[in-house]
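All chains, please: the whole structure from these sequences, using the hints.
FYI, in this note's numbering the residues of the sequence shown are 1 to 154.
Mixed in with the good hints, there may be bad ones.
Unchecked claim - Think about it this way: if two alpha-carbon atoms lie no more than 27 Å apart in a straight line, the pair counts; the simulated DSSO-like pairs of lysine-lysine are:
#1 LYS62 to LYS35
#2 LYS35 to LYS21
#3 LYS21 to LYS62
If you are wondering where the hints come from, they were derived from the structure by calculation, not from laboratory data.
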Amino acid sequence: MNSHPHSAEFYLNVPIFEAYKLLFMNDFSLQELEKALAAGAMTPESTAIDHDIYQAFHHGLKNDRLVLRGRWDDLAGWLLIHLEAYVDAEEPETPFREAEWAALTPEQRQQVSENARQLAPLLQETLHRAYGAWRLRTDDKGSKREHSHARPDS
1 MNSHPHSAEF
11 YLNVPIFEAY
21 KLLFMNDFSL
31 QELEKALAAG
41 AMTPESTAID
51 HDIYQAFHHG
61 LKNDRLVLRG
71 RWDDLAGWLL
81 IHLEAYVDAE
91 EPETPFREAE
101 WAALTPEQRQ
111 QVSENARQLA
121 PLLQETLHRA
131 YGAWRLRTDD
141 KGSKREHSHA
151 RPDS
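In structure tokens:
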């Protein structure tokens with residue numbers, strides 16, 4: 001993960017195992033994202049899928065990598081929030097449908113558990129940093145606006 005502590009921008013490029021790759025490719029396909037956008041499930045400012053962010057994400061998955069580059073308030077941030085909720089180190093089977101989990105071999109389940117232990121803290125840290133930096137940035141903008149409209153002392 002690369003991110004500056006005070007920047008709302010972040011970049012992840014980490015390996016993922018096959019089971020997560022297939023799950024993410026299915027659940028976060030372009031069609032699923034377009035459905036979420038149409039349902040208003042993304043940020044209110046979102047009017048279209050940012051294809052640069054999506055293409056990097058999708059290309060990464062095809063190559064067994066989780067690649068996210070963006071900001072808290074764009075598609076990458078939306079994906080980060082959802083992926084962080086998907087990956088649970090203590091209950092790695094959580095995002096899988098019962099039949100999907102049952103179809104995995106014991107070795108694949110072990111890989112998912114190992115991958116979850118690696119990904120969960122990284123996703124959590126990235127989420128907290130990106131959100132914190134975004135809040136700091138938006139709070140600073142609000143403070144500057146408030147001060148810029150204040151009357152000077154006479």
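Results of checking the hints against the structure:
With a CA separation close to 22 Å, the supplied pair LYS62 and LYS35 stays within the 27 Å bound. Between LYS35 and LYS21 the alpha-carbon distance is near 20 Å, which keeps this suggested pair within the 27 Å criterion. A hinted pair counts as satisfied when its Cα atoms are at most 27 Å apart, and LYS21 with LYS62 qualifies at roughly 8 Å.
Checked against the numbered hints above, the structure violates none of them.
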